[in-house]
Structure formats: C-alpha cells, structure tokens
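Residue numbers (the numbering used here), protein chains in the order written: chain E, 4 to 283; chain Z, 199 to 464.
Hints are computed from structural coordinates only; laboratory data are not their basis. Keep in mind that the hints are not guaranteed to be accurate.
Said to hold, decoys possible - Here are the simulated lysine-lysine pairs, DSSO-like style, with alpha carbons at most 30 Å apart: (1) E/Lys61 x Z/Lys401; (2) Z/Lys206 x Z/Lys216; (3) E/Lys107 x Z/Lys216; (4) E/Lys23 x E/Lys100; (5) E/Lys61 x Z/Lys253.
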Amino acid sequence: MSEVKILQNGSGLIWYKFLKYFEIAKVNYFNSATYFVNLISRSAMVVIRIWIFTQLYKVSYSIAGVSEIGGLTVAMVIWNLMMTQSFQTATKPQLSKLIDEEVKSGTLAYSVNRPYSYILFHFSGFVGRSVPNLLINLFIGSLVAFVLVGPIGLSWEALAFGVILFFFGYILDFFVSLIIGLTAFWVEDTSAFTWIYSKGQLVFGGLILPIALFPDYLQKIAELLPFSQMYYSAARLIVHFELSLFLQYFATQLVWILFFGLVAYYLFNKGIKHVSVNGG
Amino acid sequence: MFLSTVVKYISLTWEMTKLSILSAMEYRVSFFVQVFGMFVNDIAFIVMWLIFFQKFPSINGWQFQDTVMLFALTTVNFAIVMIFARGAFELSRTIARGELDYYLSFPKNVLWHVLVSKTEISAIGDLLFGLIIFFFSGNISLEKIGLFVVIGILTALIFLNFIIITQSITFYVGNFEEAAEQMFHALLGFAFYPQTAFYGALKIVMLTIIPAFFITTLPVQLIQKFNLQLFLILIGFWIFTTIIATVIFKRGLRRYESGNLINVKM
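Please model the complete structure; the sequences and the hints are all you need to start from.
Written out as structure tokens, the structure is:
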C-alpha cells in the first residue's frame, strides 16, 4: 500500500502517527543505551543507596523491636525503596532542563514548526531515554536487594497492577517536568523550581522514607499529593498488593494527570505566542 | 615567603569570588530566586528526617539534633567549596575538551585558577541555611561556634581535595566526567543518614574510596565532643589528601594535550 493510501485510511493515519513517535522513542533509547559507562555509574549509585538503606532500616527496626511497620517488613521496605529509586533515577537527564534549554536557546521555535506534536515528541523521548536506565537499574537493584535482604513474595496481579500505576506515574512526572521547563518562557532561571520539585519527591515521594512508615495523619496527606503518585505508589503496590489501595492510588493519579495535563497544555499554548523567529 | 604567597592567593580568591557574586547580582530576581530556592530545598531534608525520627527516635544514640548538626556542617562545607571553588566540578570537562590552554597562559597557579573560575550562586542559600540551623543543633557555646568554623573550613578543604582527585583522573583515562560526578554524589549521599547506622564493609568504603567518614562522621563527633587526638587525625587526613590531589594534578598536567581550540572569553 502506498503512503498516500495509508494516510487516506483513518486507522492507517493513526498507525502512521504512532509509528512516528515510536521511532522518536527508539532513537532516544539507542542514544541513551550507547553510553554504557554512564548507565553503569548511575546504577552504582543505586547500589550504594540500597546498601545504606539496608543498614539504616535493619538497625532502625531492631532498635524499635518490631518486625513490621505499616504492613512492611525490612525486606519489603528495601525492595520498595529499590524500585522507587530505580524508577526515579531512570528519568535522568531531567526533562525540565532540556525544555528549559530549548526555550532559552530558541531551538523550540524550530521544533514547533516540524510535523509532530511538541508535547508528544518530548513524551516519546522521555520514555525512550528512560527504558535502558530503567532496565539496568532494576536488574542491578534486584540483584543487590536479593543479596542484602533476600527475596519477597511477588504475585502476578501485584506486578500487573503495579506496572499500570508505574506507567501513569510516568505520565504524571512528565507533565510536571514539562510545566517546570515551560516556565522558562516567563522566568530567567527555572532551577529553583526543579530543586523544590525534586525535594517534594524526596520527602513525599517515598524515595528515602516509605510513606507507609509515616505517622498516620501525614500518611493520609502524603498519599493525596502528586509526589507519592509518581513512583512510590507502584513500588508500594508491587511489594504488598491490596486492590483497594490500587483503586485509591489510580484515582488520585488520574485526577493529578488531568490537572497537570491541562496546566501544561495551557502554558504551552500561551508560551508559544512569545516565540518569534528572526530568520537565521 | 610561603606564608605571604598563601595570603596573596587567599585575597585573590576573595576578589575573584566577590566579582562573580557582584556580576550575578546584576540579575537581581534570578539571584534571589536561586538563593531562596536553595534555602527552601535544604529545609526539605530536615523535614524528612523530622518525620523519620518521629518513628525511630534514636539510632544507636544518634538523635534528630545530631542530624541537624550533620546538615549544618555538610551544607556549610559544601557551600564553601561551591562559592569559592565551583570550577573544581568543571575540571574533568575542561581537561577532556582541551580547554586548560586558557589557564596555562596566566602567571598564576593553573589549578587555583581553574578552581576559582566559577561561583555557584545558589550555594549562598546553602551557607545561610547551614549557619542558621547550626543554632538549632543543641546547646551552643562559644567553644562550639569556634569549632564549627574551624572544622567547617577544614572539611571543606578535604571535600575540595576529593573533587580535585576524582576529576583529575581524566588526565589518565580520557573521559571520567560522569564517574567523577557520581563519586561526588556518593560522598554527599552518605552525609544524609544517621552516621551510627553504618557498619561492616560499608564503613570500610566510607573510610577509603568514598571518605565520607572524614567529612561527616568524625567532624560531627568532634564538634559535639572535642578530642585532640581525633582532631589531629582530621588534620593529618587533610594534609594527606592535599598531597595526593597536588601530585595527581601536577603529574596529570604533564600528560595534558592541548585541544587546539580557539576560544574567545568575554
């Protein structure tokens, strides 16, 4: 079938568009996978962190004289943190920084003229870039967690529902990062927003202290915030599955995705009006 | 002679840093956003540990106030390096791209010149944060304030030596930028946790490859309860790392090959 015929056919058009973004993701995947030493050195950081967490929580649990807090044993805490850390570090380099640079350098003016959606283009790149990091982080992280605290019981449903939460958490992180990057249209330096965002993730995103270990009142608040719905929720569900928890997390994710998606769309359309191309 | 050279370099460092800060202050909004943003950023760490210590009040005798002291010290020594010697973090890239040529043409020490070539404005937020929370880290006496200042500067110098050593490896292996950065993050990473939680092989890592023990554990111990012997060990470690950093950089510089890059510095 010729290209024209594919385009005339409605479903073919959608497939054609999907293929375009798939190719963008693929290019980013290979670009990221090429720098193997970088991948390994990032994973080394995950290893050191898991090692630190293991010692910290083993000592903390034994001093508190408990084997379980908030339904989580030490092993579950470590696997939970390993996954949250792996998911989160996989997204580097930061998307907000890339967009910020595009806005400031003016390359955005060229990108928006190309035959693709700017937002979908970056989403494909975001996913493609993260896959090699994610795979290697999870592989090395699981190995280290297995050696340090042993295995935990995993069920297929926990994995399946966990993957759903992970995917939507990724979309949520993407939108917030996009918004931070787009603020470069109005402010000179977006790094302060990036720091505050990453610290929000650090405190309420379960990157060092799982939210299940928070005091009750704070746990309820943290679970409603977007930070916990990015990567913590998926990791938490995988180590200890509860259907009611999945429904609660999933609903919270959808609300935040809708909110940040609309904000991102609005800011992008408003910001794009500031772009002026002066030949070159 | 030696002393007057040291004094001259210190005053030159001060002048260079002052110029960088003044030029950054030209963009007033950006300047304050960076400083204030970093201050808020640092508060987040304290909030997280406040939550942690509600659940686990004491880790082998280590309490929330010890963590406050740890953060006060770490943010201050980190800030000193970032304000006065931000260029250290660019060393690897500068070597790999052959951009050291620019510094070689000046009469002053090459390493010093690279180090002071940049100032991180946001680190002023770190410095303010560290100085303020120090006063919330338990009973403060004049002796403690004096110790905090001396040990803060000493650990900053050890910190700087570690960065120079890891970044200078680039002279020998080609590209070491990402690895050097990760080693730096690993070192900083240890500074986040209650120091009494570590044992076994991890403790050995902290004493050798990633010498976090000398930048966090030992200094905090010294400020809380001074011990001359331990203080001398800290000074000894500073001298030891200074010698290694100088030798690695000097030998590396002999292997350096120009990038033949023409650059215009404005």
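We went through each hint and held it up to the structure:
no.: 1; hint: E/Lys61 x Z/Lys401; verdict: holds, 15 Å
no.: 2; hint: Z/Lys206 x Z/Lys216; verdict: holds, 15 Å
no.: 3; hint: E/Lys107 x Z/Lys216; verdict: holds, 27 Å
no.: 4; hint: E/Lys23 x E/Lys100; verdict: holds, 24 Å
no.: 5; hint: E/Lys61 x Z/Lys253; verdict: holds, 14 Å
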